[in-house]
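Line order of the protein sequences matches chains D and R.
Going by this note's numbering, the residue at position 27 of the first sequence is 27; the numbering climbs one at a time, nothing skipped.
To get this note's numbering, take the position in the second sequence, counting from 1, and add 1000.
It is worth saying that the hints were derived from the structure and are not from the lab.
Each hint should be verified, as a subset may be incorrect.
A few chain D residues facing chain R, derived, Cβ under 8 angstroms [to be verified]:
1) Ala206
2) Leu261
3) Trp337
Covered stretches of chain R (in silico footprint by chain D; criterion: 3 or more residues with CB under 8 angstroms from a CB of chain D, positions within the stretch not fixed) [said to hold, decoys possible]:
4) 1017–1024
5) 1027–1033
6) 1038–1049
7) 1055–1064
The beta carbon of each residue, even a glycine, is placed where N, CA and C say it ideally should be.
The chain contents come next:
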Amino acid sequence: MNPQWTEIIVFTLLFGLVTVLGFVAVRWRRPPGTMLDHLDEWGLGGRKFGSWVTWFLIGGDLYTAYTFVAVPALVFGAGALGLFALPYTVIAYPLVFMPLLRMWSVSRVHGYVTPADYVQGRYGSSALALMVAITGIVATMPYIALQLVGLEAVIRTMGLNGTGIVGHLPLIVAFVILAVYTYQSGLRAPALIAFVKDGLIYLVIAVAVVYLPAKLGGWGTIFDAANTKFTTSPAAADGLLLNANNQLQFATLAFGSALALFLYPHSVTGVLASRGRNVIKRNMSALPAYSLLLGLIALLGYAAIAARSQPIVNAATGRPDSNTIIPVLFGTQFPAWFAGVAFAAIGIGALVPAAIMSIAAANLWTRNIYKTYLNRDADSRAEARQAKLASLVVKLGAVVFIVFIDPQYAIDLQLIGGVIILQTLPAVAIALYTRWFHRWGLLAGWAAGLAWGLSMLYGIANPMTGAAHFGGSALKLATLSFLGWKPFAGSSIQIYAGLIALIGNLVVAALVTVVLRQMRVFNGIDQTDPQDYHADEDSPRLKPVAGALQKATSPIKS
Amino acid sequence: MPSRPSSLHWSNWNLLLLVPLLVLVTPVYNRVEPRVLGFPFFYWYQFLWVPVGVICTAVVYLKTRSDQKTWRDGNARGDQR
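Same shape as in the complex, but just chain D (with noise of 0.2 angstroms):
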């Protein structure tokens, strides 16, 4: 396929419209004097942003390119089960509406960073918030990872789909464009370019949704169009409705992602940037626009199967990449100009979440494995280069990881780190109401959890790609084992994993503390108090952030 010079134009005109915004960003409502090299402004944009900005900002963070390419590739091979992601929004705002209303709270009396900061100060250990910070930076590289591949999924789609390390080269730019502006501007760059992406991807979609059926006969069309190919494809598990095997995995693929969301630490980061928890309460409301929009972008994948779209080999595997089947959707379908404008669409959509996700990973990085172990001293202007050092290796990693392995890699990582980053339930979400688990109990469940967890997933093959192992998520209920004692052998009905191991993870580590509590075992010392939990914006207890007040001396206590 030849370079499409009309959309590489548009999306080079707008990726550049969004470069510019990244370098000014580091003046956006910034007061005259402040210092950005503390943590609180670099990192968490100055812990003030209203709830527009939130809004924004937390949707830019965790609606991300792979969910746009990813999500309706999924529906476009498999049918209904690929619309978890629609429950999966409209369950995760309800559920997570009051712990983030404490988290935030507390960390703003406290002036944690991270997660990993709440649990050190909660449980008054360091290896308790290590095994945090470290699941948190796993599961993070390769979502970051995820960005490039739907980046990738638009550049090769407009044409540029060299082999080797050529075809990655644009790849490259982008990204080292996007990690000088970050390490300049810091949470404030994804903040400001977010009002972009997000104008964007609304505006794309508004069109799609209306224009594609209006030109392949209407949305009864398409999904009849689904409807057949369904019904004469060889696989069973889809269809354009659920079977009898695929519905529990439906919904606690579903509900398992919903109770995973938060805990990664970019979306914690989007929370604790924001001014007070009348901005939290309101965002959990309004958030669930982005869900319709979801919803909407998941269905383009029938529309996909209506246009008969193919999806494009990629020259530098040799495999068709289902990734590029809404960017080649957009390209056949649309004139060539908005073509331009949907691939910048997604591909500014995987810059937002990058750039967070690499603060994210670099706050913990900075203040719970550095600080704590490395550098004891280091005062907040140390913390902050380290930060931003940090946040430049996170992205030459990501990088890395798409040139040298096959995507198809990241992919299986991304399905690994959401099963990890739910063991971290306990120990971050469940603190934040109770303290009846023991720090040592919360340790032994999430070993235990992740070691399940992954048995699971190394046991899952995909017979659709040929892999004989990590080949997804759906767990087969007669494979599940206890100790060799297989409850439900015979069934054929299929279950998320993660949700299985992270009741492992509870189990061990209820029985580790029933244990450990009888032994009278130290508990750690709990620096928070009750009243923190609930502090607000006009409270007296509250932190000052530090950057706008304080200059040489180190604010944050840890």
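For chain D, the structure is supplied; the task is to place chain R on it using the hints.
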């Protein structure tokens, strides 16, 4: 810890946050008919839950917003656990 005030400030309105979980009951809507605007029931039913979720969280926000003022730290009434 009877001497410390509870860190939970409970309002029954919070129960509304559990309502959206009903969307996980797949047997209710795993069917094609009745269609609306060409959308099989499975699809438009789930879209309908988006506004339901918004209403639930919005009501909880409005109903707990004023509470926040009286629950402000410093003069919070401590529910005993």
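Okay, the hints, checked on the actual structure:
1. Ala206: 15 angstroms, violated
2. Leu261: 14 angstroms, violated
3. Trp337: 29 angstroms, violated
4. 1017–1024: Answer holds; 7 residues pass the 8 angstroms Cβ test.
5. 1027–1033: This one holds; 4 residues, not fewer than the three required, reach chain D with a Cβ under 8 angstroms.
6. 1038–1049: With 8 residues closer than 8 angstroms to chain D, the region 1038–1049 of chain R meets the three-residue bar; holds.
7. 1055–1064: holds (count 6)
Violation of the numbered hints given earlier is confined to hints 1, 2, 3; the remaining hints are satisfied by the structure.
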